[in-house]
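Mind docking chain B on chain A? Use the hints.
First to last, the sequence lines map onto chains A and B.
Our numbering puts the first sequence at residues 739 to 900.
Our numbering puts the second sequence at residues 739 to 900.
None of these hints come from the bench; they were simulated from the model.
Heads up, a few of these hints could be off.
In silico lysine-lysine, DSS-like type, Cα no more than 30 Å apart, as pairs [to be verified]:
id	chain 1	residue 1	chain 2	residue 2
1	A	K897	B	K825
2	B	K754	A	K754
3	A	K848	B	K848
4	B	K897	A	K897
5	A	K897	B	K762
6	B	K806	B	K825
7	B	K897	B	K825
8	B	K897	A	K825
9	A	K754	A	K806
10	A	K848	B	K754
11	B	K848	A	K754
Number of protein chains: 2
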Amino acid sequence: MTNEERMVEAALRSWKLNEERVDKFFQALSEEQLQREVAPGRNRLIYLWGHLAAVNDALFPLFGLGPKLFPELEEMFISNPDRSVEKIFSGAELKQITGKINDSLWAEFKRWTPSEWLAAHTSVSDEDFIREPHRNRYSVLLSRNAHMAFHLGQAILVKPKR
Amino acid sequence: MTNEERMVEAALRSWKLNEERVDKFFQALSEEQLQREVAPGRNRLIYLWGHLAAVNDALFPLFGLGPKLFPELEEMFISNPDRSVEKIFSGAELKQITGKINDSLWAEFKRWTPSEWLAAHTSVSDEDFIREPHRNRYSVLLSRNAHMAFHLGQAILVKPKR
Numbered sequence: 739m740t741n742e743e744r745m746v747e748a749a750l751r752s753w754k755l756n757e758e759r760v761d762k763f764f765q766a767l768s769e770e771q772l773q774r775e776v777a778p779g780r781n782r783l784i785y786l787w788g789h790l791a792a793v794n795d796a797l798f799p800l801f802g803l804g805p806k807l808f809p810e811l812e813e814m815f816i817s818n819p820d821r822s823v824e825k826i827f828s829g830a831e832l833k834q835i836t837g838k839i840n841d842s843l844w845a846e847f848k849r850w851t852p853s854e855w856l857a858a859h860t861s862v863s864d865e866d867f868i869r870e871p872h873r874n875r876y877s878v879l880l881s882r883n884a885h886m887a888f889h890l891g892q893a894i895l896v897k898p899k900r
Numbered sequence: 739m740t741n742e743e744r745m746v747e748a749a750l751r752s753w754k755l756n757e758e759r760v761d762k763f764f765q766a767l768s769e770e771q772l773q774r775e776v777a778p779g780r781n782r783l784i785y786l787w788g789h790l791a792a793v794n795d796a797l798f799p800l801f802g803l804g805p806k807l808f809p810e811l812e813e814m815f816i817s818n819p820d821r822s823v824e825k826i827f828s829g830a831e832l833k834q835i836t837g838k839i840n841d842s843l844w845a846e847f848k849r850w851t852p853s854e855w856l857a858a859h860t861s862v863s864d865e866d867f868i869r870e871p872h873r874n875r876y877s878v879l880l881s882r883n884a885h886m887a888f889h890l891g892q893a894i895l896v897k898p899k900r
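Next comes chain A alone, as it looks inside the complex:
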């Protein structure tokens, strides 16, 4: 393995680890438990789960992999705050949805060469990318990974103290 391949592997391992922790945590909760807030007046667990699904789904167009699989996630879990959209997905639905999103992403992620990882994402123009080459897929992967960890840290507070 070359150095750049090892670095792709490191980022993918970290991504997979966080994604699996998110899956494991939320999938174990009942619909009722998913209604709990992470802090008084803050997001419910169901919203955080949907939010992470929505942000991952948005990686398809951002990475040039095609359209989102579940475009309705955006309105439910990104562009509107919790409790403002009448009908959102249930836990049972999110389990299916996140499975499909994460499996499809992973299949693509495993395929890319280091140079493909370092290519521009689709929201940066060719001219901007010349000046700002850090606006690549690899950087997005790292920041979305930290984003998963950020919300997982919140979600986990709802569990009983060890």
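Relative to the frame of chain A, chain B by itself:
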């Protein structure tokens, strides 16, 4: 820049971004505010701040950069849970301490070549590293970065809702 240099840059950018968010959040709090718990019966903000400082300080020996700068952090904020150690650092002290730790780490981080980033960390043996080459400094940087985001997500819940 080579691909591997771009990947080091991406990881360092992500690290710096999270580190600065942590600094900014905690430094703005009074000693009184730092006594607040992130959730009922859970860690106080002062403990989370000290915990992040302690984990970063532990990178010096783990990365072969020498001893910890503030070895007493470990007992206060890692090996013992919150409220079980009588005397812990104040917010004013942690501000100084985290500044020194983060500045020193950053000075080292900026210096390493991609191959140095992919070298084994000090808690893996030479034989194990042959079988498990992912146990390198670069992987640790990514996982500590996610760890910072994890606790920052918790800390931020204490702020008034937007």
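Checked hints:
Note on A:K897 and B:K825: the hinted pairing holds, with a Cα-Cα distance of about 28 Å set against a maximum of 30 Å. Simply put, B:K754 and A:K754 have alpha-carbon atoms about 22 Å apart, close enough for the 30 Å limit, and the pair holds. Note on A:K848 and B:K848: the hinted pairing holds, with a Cα-Cα distance of about 29 Å set against a maximum of 30 Å. Proximity of B:K897 to A:K897 is assessed by CA-CA distance (about 20 Å); at most 30 Å being required, the pair is judged to hold.
Distance check on the hinted pair: A:K897 and B:K762 sit about 28 Å apart at the alpha-carbon level, within 30 Å; holds. Between the alpha carbons of B:K806 and B:K825 the distance comes to roughly 19 Å, so the proposed pair stays at or under 30 Å and holds. With a CA separation close to 26 Å, the supplied pair B:K897 and B:K825 stays within the 30 Å bound. A threshold of 30 Å between alpha carbons decides the hint, and for B:K897 with A:K825 the separation of about 28 Å falls inside it, so the pair holds.
A C-alpha spacing of about 20 Å is found between A:K754 and A:K806, which places the hinted pair at or below 30 Å, so the restraint holds. Simply put, A:K848 and B:K754 have alpha-carbon atoms about 27 Å apart, close enough for the 30 Å limit, and the pair holds. A distance of roughly 27 Å separates the Cα atoms of B:K848 and A:K754; the hinted pair therefore holds under the 30 Å criterion.
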